[in-house]
Amino acid sequence: GQQVMQIPQYQHVQEGEDFTTYCNSSTTLSNIQWYKQRPGGHPVFLIQLVKSGEVKKQKRLTFQFGEAKKNSSLHITATQTTDVGTYFCAGDGGSNYKLTFGKGTLLTVNP
Amino acid sequence: NAGVTQTPKFQVLKTGQSMTLQCAQDMNHEYMSWYRQDPGMGLRLIHYSVGAGITDQGEVPNGYNVSRSTTEDFPLRLLSAAPSQTSVYFCASSTGLLGNYGYTFGSGTRLTVV
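Residue numbers (our numbering), protein chains in the order written: chain A, 1 to 111; chain B, 1001 to 1114.
The set of hints was computed from the structure by calculation and includes no laboratory data.
Mixed in with the good hints, there may be bad ones.
Unchecked claim - Keeping only pairs whose Cα atoms sit at most 30 Å apart, straight-line, the calculated DSBU-like set for lysine-lysine is:
#1 1009(B) - 103(A)
#2 70(A) - 56(A)
#3 103(A) - 1014(B)
#4 1009(B) - 98(A)
Keep in mind the model is a prediction, meaning the values are calculated, not measured.
Build out the structure end to end from the sequences listed, making use of the hints.
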């Protein structure tokens, strides 16, 4: 079945440093989604990427979808303590409703 | 709008007991899913539904049943609870319309089976 690998598993940064998490799928994806989960909370939808090579920005967050639609990345510029949480990518192989989640990257930020 | 509502928030079961985790959404979403989250395992799909009367299995369906009699409700039934089902369960819904597939998650049910 479809597998979605996410690295790194953990990342600790000083406030103000940049952060990147990477996502790779074993199969071509129709779209990829990113979620953030605060400690003790539930996943919250951040964004969806659909097109090959697509790049989207949300303030300090930049999301990319690879040309082959098998990989994606989330980059945070100048992290803040409010960025703390686990970031998940979730891939869709074509159903548009059956997501496979990566195991997530836990980001901690030292103030 | 309340979004996705899950009840109960916490539950302790004895091995062999059965129970139903409730999930309701008021956004008229067609797609609904149940996930379990375990440490180091991420979110794994248990069952999903693409509309009332239509359900299918996800990655880890064994020991769980679902039904979707209405658009709003998607309950998850544990048939005979086992310690391996100790987990946090999330229900999620998505509209799937106009190419918008992002899921809205409920706040979760923390289940412990002893």
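Now the hints, each set against the structure:
In summary, the hint linking residue 1009(B) to residue 103(A) is supported, as the alpha carbons are separated by about 23 Å, within the 30 Å threshold. With a C-alpha separation of about 17 Å, the suggested pair residue 70(A) and residue 56(A) falls inside the 30 Å cut-off, and the hint holds. Proximity of residue 103(A) to residue 1014(B) is assessed by CA-CA distance (about 29 Å); at most 30 Å being required, the pair is judged to hold. For the suggested pair residue 1009(B) and residue 98(A), the alpha carbons sit about 25 Å apart, so the restraint of at most 30 Å is met.
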